[in-house]
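*Asks:* Residue strings, one per chain:
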Amino acid sequence: MSALAFNQAVVRFGSATILGGTSLEIAPGEFVSVVGPTGCGKSTLLNLAAGLLAPSAGSVDCLGTKVSGINRRAGYLFQGESLMPWRNARDNVAAGLQFAGMSKAQSRAQAEAWLDRVGLHGAGDKYPHQMSGGMRKRAQLAQMLILDPDILLMDEPFSALDVQTRLMMENELLSLWQNSEGARKTVLFITHDLEEAIGLSDRVVVLSAGPSTTPIADFRIDLPRPRDVAEIRHTHAFQDMHAKIWDVLRDQVLKTYRRSVAA
Amino acid sequence: MTSLYRAILAGLLIGAWYLGSKTGVLSPLFFGRPSMIAAQVVEWFSTGEIWPHLAITLSETLMAFASGTTGGVLAGLWLGLSPRTLSVLDPFIKAANAMPRVILAPIFAMWFGLGMGSKVALGFTLVFFIVFFNVLQGVREVSPVVLNGTRMLGASRRQLLRHVYLPAAMSWVFSSLHISVGMAFVGAVIAEYLGSAAGVGYLILQAQGVFDVDAVFAGIAVLTACALALDALVTLAETKLLVWQPRADMPRDN
Ligand SMILES: Nc1ncnc2c1ncn2[C@@H]1O[C@H](COP(=O)(O)OP(=O)(O)OP(=O)(O)O)[C@@H](O)[C@H]1O
Ligand SMILES: [Mg+2]
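Taken in order, these protein sequences are the chains called A and B.
So the first sequence is numbered by my numbering: it starts at 1 and just counts up by one.
So the second sequence is numbered by my numbering: it starts at 1 and just counts up by one.
Just to be clear, a hint being listed does not mean it is correct.
Said to hold, decoys possible - BS3-like cross-link-like pairs, simulated, lysine-lysine; straight-line CA separation at most 30 Å:
1. A/K255 - A/K244
2. A/K104 - A/K126
3. B/K94 - A/K104
4. A/K126 - B/K94
In short, the hints are calculated from the structure, not lab data.
The structure displayed is predicted, hence computed values, not measured ones.
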């Protein structure tokens, strides 16, 4: 049984077909990245998996059950700022547990532990506007992981960060993912950045330029783990992989670019 | 330094007023005399005559503020989350808001009598719309990312309302707090002035009836001091309650 399966999923907004019949399967414990030109429908794909959006045709299955309404097995790390600005870091992280009925004291104690784990020790009292972009991403990560979801959906989570912070957070994400107790979590990771995709993933899926986007290529990344995303970039295996995938991705990016210039 | 300049400016203004009334340039019959006004204020407080009136005016203000804010928040949340109902009611809301509310005072006096009820009612109509429009705006401008993020954390509709819409709306309510508290006060005083048996507005009305212009000015001075005190209280509440905001927004009026 796959952790996540898109079965000929179609998304239309009015007369525009964003996703054409998209099929994609992700095995439990797999780390899959999706790359594609801007505006092709990557976030849309993720929203389908999250249950924030219902497909116009086709279906999405999560761990054997059809997704309808919010997908409770999944956690979502948003590209934008999703923290509640009126809650400090601790209460943001504790929020999911509180919604599920856990007491304030108990949920806050767990939140403290998670803040430590994502490198936010002692920052529990800070409100989002008092934190740096990197700290906010860490808080979002803890907010998602505290609920122990089986599937992690991540939409360009690190694209707003500077290069150094980004590399650090990628490594931390990998170590959280690899060292988590219990079964390894399934990750569907959206990014613009091919190097990030290869460095993190077991598989990289390339989406075609829109409209009517579909996956057009699927690469297995057999680089050894544990990885250091900064160092692995210098290996030959990585660079070969990069060249191969870029060969496919470039055409799609150019298509989108030409269309935007023509328009 | 600034406060020194302020003190000098106040001294100059009151000094000029004093001299003007003393020399007859400003007729004491119309402009009063600062010394007499001050004496009147002192007398009100030393005899304790003012307290019951002040208590009544401030209670009316408080009740108008509390009821108007509660009503505005509830109505704003409800209509903000049901756009269809809002579009049906829109012209009625606009009409009610455009109506000069002061003119309702005699009607409220007929409905609720000359006691506190009619004062609270007028204050309510003033406060309600300010809060209502701010909450409406707050609900509309809730960040969709925060909303989806909270939904992904498993929040039910009720919890979304309580933990996202309400706090988002409250930040807008707070940004209009200075205006709505001021309006509650204005509503109470005006309604008192237009017909009542107690309150600072009533004191002014009485003084005017016997051409005691000093007492009118004394009443105005007391009201102004109260308004300033209320405003300072609001500022204090703001800094305590909105710690999560980068800075207090500019007040938004409607
Ligand atoms: N609610 C909506 N209504 C209409 N069109 C939409 C809606 N949401 C997205 N779209 C359109 O769908 C297309 C895909 O959007 P999506 O956000 O999935 O792209 P993306 O691949 O995530 O882009 P980016 O790389 O810039 O994040 C875009 O052309 C966008 O304009
Ligand atoms: Mg996107």
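*Asks:* Taken at face value, is the distance from the CA of B/K94 to the CA of A/K126 at most 30 Å?
*Replies:* Violated: A/K126 and B/K94 sit about 41 Å apart, past 30 Å.
*Asks:* Hinted pair, alpha-carbon criterion (30 Å max): A/K104, A/K126. Please report holds or violated.
*Replies:* Holds, because 17 Å separates the two Cα atoms, which is no more than 30 Å.
*Asks:* Taking 30 Å as the top limit, are the C-alpha atoms of B/K94 and A/K104 close enough?
*Replies:* Outside the cut-off at roughly 42 Å; violated.
*Asks:* Has the given pair, A/K255 with A/K244, been kept, meaning a C-alpha gap of at most 30 Å?
*Replies:* The hint holds at about 18 Å.
Comparing the model with each earlier hint shows violations of hints 3 and 4; every other hint is respected.
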